[in-house]
Amino acid sequence: MHNPGTWPKQSKMAADGAWEQLKKWQDELDGGK
Amino acid sequence: MDQIIVSILMPVYNEADYLEECLESILKQDLITWELIVVDDFSTDSSWEILQYYANKDHRIRPLKNTSKGIIPALKKAFKNCVGTYVTRMDADDIMSPDKLSSMVEVLTINVEHTIAVGLVSYFSNDGISDGYRKYERWLNELIRGSNNFIDIYKECVIPSPCWMTSKYNLQRCGGFDSNRYPEDYDLAFRFYMHQCTVRGIPKVLHKWRDYPTRSSRVDPHYSDNRFLDLKLYYFLRKDWNKKPLVIWGAGKKGKYIARNLLDQKVNFTWICNNPSKIGRDIYGVVLEDSEAYIKSPNSQFIIAIASKNTSSIIQENLDVHAYIRNLDYFWFC
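Here the protein sequences come in this chain order: G and H. Letter by letter, the first sequence follows residues 1 to 33 of this note's numbering. Letter by letter, the second sequence follows residues 34 to 367 of this note's numbering.
Rather than coming from a laboratory, the hints here were simulated on the basis of the structure. Cβ atoms here follow ideal geometry from the backbone N, Cα and C, with glycine treated the same way. Careful, some of the hints might be misleading.
[What the hints assert, rightly or not] Below are the DSS-like pairs computed for lysine-lysine, each with C-alpha atoms no more than 25 Å apart in a straight line:
| hint | chain 1 | residue 1 | chain 2 | residue 2 |
| --- | --- | --- | --- | --- |
| 1 | G | LYS23 | H | LYS90 |
| 2 | H | LYS188 | H | LYS276 |
| 3 | H | LYS237 | H | LYS289 |
| 4 | H | LYS272 | H | LYS289 |
| 5 | H | LYS188 | H | LYS299 |
| 6 | H | LYS277 | H | LYS289 |
| 7 | H | LYS90 | G | LYS12 |
| 8 | H | LYS102 | H | LYS188 |
| 9 | H | LYS113 | H | LYS90 |
| 10 | G | LYS9 | H | LYS90 |
| 11 | H | LYS276 | H | LYS329 |
| 12 | H | LYS113 | H | LYS102 |
| 13 | G | LYS23 | H | LYS113 |
| 14 | G | LYS24 | H | LYS98 |
| 15 | H | LYS299 | G | LYS9 |
| 16 | H | LYS289 | H | LYS342 |
| 17 | G | LYS12 | G | LYS23 |
| 18 | H | LYS286 | G | LYS24 |
| 19 | H | LYS289 | H | LYS276 |
| 20 | H | LYS299 | H | LYS286 |
| 21 | H | LYS113 | G | LYS12 |
| 22 | G | LYS23 | H | LYS98 |
| 23 | H | LYS311 | H | LYS329 |
| 24 | G | LYS12 | H | LYS168 |
| 25 | H | LYS241 | H | LYS276 |
| 26 | H | LYS342 | H | LYS168 |
| 27 | H | LYS61 | H | LYS237 |
| 28 | G | LYS9 | G | LYS24 |
[What the hints assert, rightly or not] Quick partial rundown of chain H residues pointing at chain G, CB under 8 Å, derived from the structure:
| hint | residue |
| --- | --- |
| 29 | THR66 |
| 30 | VAL116 |
| 31 | THR118 |
| 32 | TYR202 |
| 33 | ARG206 |
[Stated by the list, open to error] To spell it out: a stretch of chain G is covered by chain H in this simulated footprint if at least three of its residues, at any positions, have a beta carbon under 8 Å from a beta carbon of chain H; those stretches are:
| hint | region |
| --- | --- |
| 34 | 2-11 |
| 35 | 15-27 |
Excised from the complex, chain G in its bound form:
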């Protein structure tokens, strides 16, 4: 989630109100480190 390359997609998900989906994706990104 700290990778700036993922920020546009994160921002789009936030704008769409997809908070749960975003949180899940972030957890996957962090887990994949």
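Starting from the structure of chain G, add chain H where the hints point.
Showing chain H alone in chain G's frame:
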């Protein structure tokens, strides 16, 4: 900048009187990409209903119910659920200036990753602000203007609890809200200090801090003077005490509390004071010594617990004469 999500963490407990004004100030932010993770800490007024109303109007407002009573559990819950790249705190009875979030994000994006962005604060109240709070506001804002907050870390809380922002990564690095020590805001300031964060002050008022007789910091025992002293000693002994002989300077209320605390921890110290009527007295089994005689002795670390402005100036002159170095040889605890 609009691609960066900011998470605003906000505990709420019975703030129905002020909550709408607070939420409206958040909705007026000129930065769009934020989420407000607001955790209701078992309110018994209509705070939860107000939060539901606003959440239905704007999906960025995300209310949760606390599962374990207290501001620290509320912050833990908020932090665990947040998705922002940057994180800040807000108090439910306060007001943000419209450019608060954007100003802080701007600072963080151009500085190193361990940066804490901090804005100036302004107290307001329906009943007027006491001299003490104005003094604290002036002192704090002066530190923020100079971005040198940590120089006074042992005096008072040097980071305004609802007016800082940092990256989620950095906050995690500093332990997030895992600590259970109160006052939680001062504890976090100490952890920012311990982890060598850099403060970047923003020279404009970004936060209006409401004062009223029943606010937590005035009535909650978690925020009593003694809890502050406990915290100061906890971090001093871990961060800045270099195992040289310790000296407590001052035998007033705070000096006595510090002495008691060190005795309880079985930490040896010498106790000195300027007051001729106290020199030679035995307090808690320790005999007070004359500061004039003691200060000539090198190789000590001084904890100074003297609040009086006049006496403080005399002590500072004395320390300067002997070339003692601040925050290495001596530490102002008042």
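(request) Hints the structure violates: just list their numbers, smallest first. (result) 3, 8, 15, 18, 24, 25, 33
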